[in-house]
Structures are given as C-alpha cells and as structure tokens.
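Take the given structure of chain A and dock chain B to it, following the hints.
Chains A and B supply the protein sequences, listed in that same order. All residue numbers for the first sequence refer to the numbering used here, where the first residue is 1 and numbers rise by one. All residue numbers for the second sequence refer to the numbering used here, where the first residue is 306 and numbers rise by one.
No lab work stands behind these hints: they were computed from the structure. Cβ coordinates follow ideal geometry from the N, Cα and C atoms, glycine included. All clues stand as given, with none of them false.
Part of the chain B face toward chain A, derived, beta carbon under 10 angstroms:
| id | residue |
| --- | --- |
| 1 | L326 |
| 2 | A599 |
| 3 | S611 |
Cβ-Cβ distance ranges computed for the label pairs, FRET-style:
| id | chain 1 | residue 1 | chain 2 | residue 2 | range |
| --- | --- | --- | --- | --- | --- |
| 4 | B | R476 | A | R32 | 53 to 61 angstroms |
| 5 | B | R535 | A | W84 | 45 to 53 angstroms |
| 6 | A | T122 | B | R550 | 49 to 57 angstroms |
| 7 | B | K559 | A | W84 | 49 to 57 angstroms |
| 8 | A | G132 | B | R308 | 18 to 26 angstroms |
| 9 | A | V48 | B | R372 | 53 to 61 angstroms |
| 10 | A | L146 | B | I563 | 19 to 27 angstroms |
| 11 | B | S554 | A | D296 | 25 to 33 angstroms |
| 12 | A | G114 | B | R476 | 49 to 57 angstroms |
| 13 | A | D195 | B | L436 | 37 to 45 angstroms |
| 14 | A | S21 | B | S554 | 41 to 49 angstroms |
| 15 | A | R32 | B | I563 | 25 to 33 angstroms |
| 16 | B | R429 | A | V224 | 24 to 32 angstroms |
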Amino acid sequence: MASSVSPPSSRLARWREDHASQLSDLRRGLFRFARNRLSLLGLWIVVVMLGVAVTGSTWVPFPGDTLGDVHMDNRLQPPNATHWFGTDDAGRDVFTRVIVATRTSFQVGLIILGVAISIGVTLGAVAGYVGGTPNQIIMRLTDVMLTFPGIFLPMALAAALGRGMVPAMLALSVTWWPGYCRLVEAQMLKVREEDFVAGARAIGASQRRVIFRHILPNTLTAIVVKASMDFGFAVLALASLGFIGIGIQPPEPDWGSMIALGRRFMPGAWWISTFPGLFMFVMVLGFNLLGDGLRDLLDPNATVK
Amino acid sequence: MLRYLLNRLLWIPVVLILLSLVTFVISRLVPGDPVKLAAGPQARPEQIEKMIEEFGLDRPLHEQYLRYMGGLLQGDWGYSIGNRRAVLPDLLTYFAATLELTVVATLLGLLVGIPLAVVAARWRDRWPDHLSRFVSIGAVSVPVFWIAIVLQLVFGQLLQWLPVSGRFDPRQSYPQSITGILLLDTLLAGNLPGFWTASRYLLLPALCQSLLVVALITRQLRGDLLEMLRKDFVMVARANGIQERILWSRYLMKNAMIATVSMLGFLIGFALGGSVLIEFVFDWPGIGQYATKAALLLDFQVIMGSTLFIGVVVVVVNLFTDLAYRLVDPRIRFS
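Chain A on its own, in the form it takes in the complex (with noise of 0.2 angstroms):
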C-alpha cells in the first residue's frame, strides 16, 4: 500500500492505517456475507420494507383507506387491477392499509427495542462489573421475567394498561430487556478479564470509564446481532397484540387486526387476512435471515476454521 511508504497525509489516510486489521475483517467479512444467497436476501428485503416504512404513505393509491373511509358500494373485492389486495368490509383497499402498517410496526418496533435495549444493556453492564449481591438481584430478576413464556406477561401487562399503541408498546418495552441484561452480564463477565481492562483500570481510568469506553463498545457486536433478529419479533409480537384484540385498534391500519378482521369474513374473502400476514412474515424473514449472516460474520468463533 501506497500510504505504507510515505507517511499518511490526509486523516483517512491515516484512519486507514490505523484501522487496517479492522478493515481487512471487514472486508473479508463482507465478501463471506455476499456469497451466502440467503442472507442477501434478508439485506434485500431489510432495504425494501425501510423504503415502504419510510415512504409509503406519499406513494399508496388510497390515501383515504388508512383510516375511516368506508365504501360500502365497494365490499369485499377480491384482489383485481385497482386493489391488488383486495377491499375489506368497508370497502377500503388492502394493499393501501398493509403498505401504511409498516410505519407504525416500524417506528413501534424500534422503540420497544430502543426502550429494552437501554433498561437490558444498564442493568446487565451494573451486574457483571459489579457483580455481588446487585449481581443476584438483577439476574435472579432476569430469570423471573424470562420464566413467563411467549406473550403471555406482556399480553397480561397489555391488558391491565388497556388496549390501544401506548399500552402494547409499553408492555413489549418492559418486558424485553431481560434478554439483553443476560447477554451483557455473561460478556462482561468476559471481557472484564481481558488484559486491555485491567490496563485501563492500571492508568487511573474510572469505573465508568472502564464501563463504558472499554467494555461496552467490546459487547457491542453482541448486541447489534440480538437486535436484528429481535426488531422481526418485537414487530411480531405487536401484531399478535393487534389480533388478540388489546394492541393497536381499526380504523388505524395494524397487520394484526386485519388478519383478526379477515377471519370473520374467512372461506370467502380470503384475501383480507391473508395478504397482511404474507406481507409480515416476509418482513421478519427478511430480518431475520440478515440478522442470522451477521452472526455468523460477527461470530468471533465462525473465522476460526
């Protein structure tokens, strides 16, 4: 490399030298990401439904459909050229109401995770560095909440807030940190060892320092892999919310509560359920097959073959 001979001048240069172990990782890891077919695949439709999540609502044929419009003369169409997924019993579009749902799955999903992760990473850095008796607590505590299995304590917690956004949200939020507090406990625990750690704390660096600027970034890879496959799931168990009937509430369109609305009109209107749940399943698919190749690439254990 050319910078190799004469000394960096620019800052990139220099960034690059600095980094290049990293960068060459990266590259590496890269180039092993683009030739598993799946996972690109999972990248490809991540991008998709971002663009939909982002942009759907300026682009959608029936703008009118995402709340309270009713066409009764217009019932229950199957799909056809104008509405590709049919109309519901008020005659709104399908499509227009699956394509507007992204939105609010999106934006809901990111703050369950954003809320989860912030409570999850705090209590499980406070746990593995100090360890002791706040150590028992907060993890005895963890297994608690992981014990409840599937919905059924967010579902509980949903229920006793009532229905609507907030109450769902709020319940999937406080309930779905324990996973990351585990996840950062048992890597602090790791990484509290390393020898960079015990240099950091030699010079006088302080223990939120330590915390923060030396173990967390080095937990973070972790992290980053739970939450991409997490987002599909938090994104799904709203959606179950919605069809349960205590989450998200019609008019205001939600993948679950048209699937919940498509079963009334079921052996015949078929396409009222069915397109929602399709259009979901491949958004979580693709989160998940992305979140699934960046493990195996962030897998340190995965480079040594």
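Okay, now just chain B, sitting in the frame of chain A:
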C-alpha cells in the same frame, strides 16, 4: 448431587415469591376499574363498594400482597369476575388440554427437526444445509396466528380434511375424563374411533405450535453436530476406516443429542408460550385461550392466575430437565 438438589429446591420458594410479585404488581396497575366492569353498568355504588371490600382493594398494598400470597398458598387463586368460578380448578382443567397440545407439538417438532439438522450438518454449505436454514428461519418468522388461519382455510374449508376448531366432535359423546388428556383417555378406554377423532382435532394446532420447536432443534443440533465433526475422535474413527453410517449413528448423534435433550424442557416452556395465540385461533380449550379471553374482558384474577400458573409450570419443568440432564451425563454429575 444431593447438595445441588437441595440448593435448587431452596431457590424455588424465592422464585415463586418473585413470580407472584411480578403478577401482583401488574394486577395493581389496572387503571380502568375492573370491579366496575365486573359489576356491570347497572351496578349501584354500594354494590361496587361491597365488591371492592370483598377483593380487599381498599387495603394498603403490602397487606393486599400478603393476602394474595396467602390465598395462593392455600389454593385460593381468586375467581373469575366473568363467570364467578374459582380460577385454580379451571386452570387445572385447561392445563391438561394445553399440556396435550404442547407435548404432541414438541414430539412433532423433534420428528422434523432432527433429520433436518442431520442432513444440514452432513452436507454443510450445500443445498440441504441452505434448505434447512431457510426452513428453520422461516419457521420462526411466520406469524403463527396467520399460518394457523391459512391452515384452517386450506385443510378445513377448502379441502375439508380436518376440523378447524375445538378439541372433540360435538356430535360424538365426549370421552370420559381420566387424565384430562384426550389421546390417553381414549386409548385407556379402548375407544379407537375416539382416539382418531381427537387426533384429527389435534393435528393442525400441534403442527402450528411445532414450528418453533423445529426451528430451535434444527439450529441447535446442526451446530452441535458440526462441532463434534471437528473433534479428534472423529478423525481417529475415520482413520480406522469406520463406515460413515456408523460414525454418524453411534459416535456423532449420541454426543450431539445431549444438548438437544437438555433443551427439551426449555423447548416445552417455549412451546407453552406459543400456545396463547394457537389456542385462541383453534378454539382449543387450554390455558392460552382462557388467558386471552380474560385479557379481553379485563378479568384480572384470571389473567394473573394463568400467567403465574404458566410461570410455575416452566420453573418446575426446568428443574426436572436440569436434574435429568445431570443424571444422564456423568461429566456434569461429578464436576
């Protein structure tokens, strides 16, 4: 081993207290007045007053918790404000149905998941591996309540092969309950047509619930098999000219299955969580359906009772799996 067992048993009360604390806290968050809801729109204020007193909602919180906890220990899990029935006996009845569904789903999941993992590991990075990865990732990505509806549509309404809701044909006489698990009850009574009917009702919901198990088993077992393949004993066995078939069945599977077996308890817990939506869609009279109906009616003693019950079941299942694991694997028992 004994010390470990004692240690675990001593933890159980602590875990149970924490579990009940979580459900108690949630039950006291209810902002909309469940009592008013239960009493009905025509209730007079003194009736509501009386109910509040009956539930002890006018006492200080710690007193309410002690009362709640004391009740739980004595088997008083409160009663449904919807139908005025006690919660615990109902939970026990419904649990038999949930257990039947979950166990069958787990077995189905193993039946599909194990071969899928083996072909994936055997032909790593070839098409069977990619297919297995796609199936297992697809299985966790599909919205379970949606696939349930699609299966109902296809197998129930279009093809008319299978019933789509409930647990038994209402036109046939319901099997005498011995264990509460219909497949067992009908077999014990020698009622083969009844067994056939019960299996037909069970198939679709169990299939939906098994998806999660398939996914988890496939990923876990494939990883373990690949790890085993890298071990020295495999190289030695191959150098000795062992047949691949014997290497896989006697050497690899035996070792790799340990982790999968130890996961079983955890898997059953996981599958239990999936029962909520599946039971709701298939009208399967289990705990999940009981809880969802209660959540819609804000029947809070039922919601808390079922959540707590499921939590307790998972704690117990985990304990037994841990013990079984230790009994089976001497490396852990003696460490």
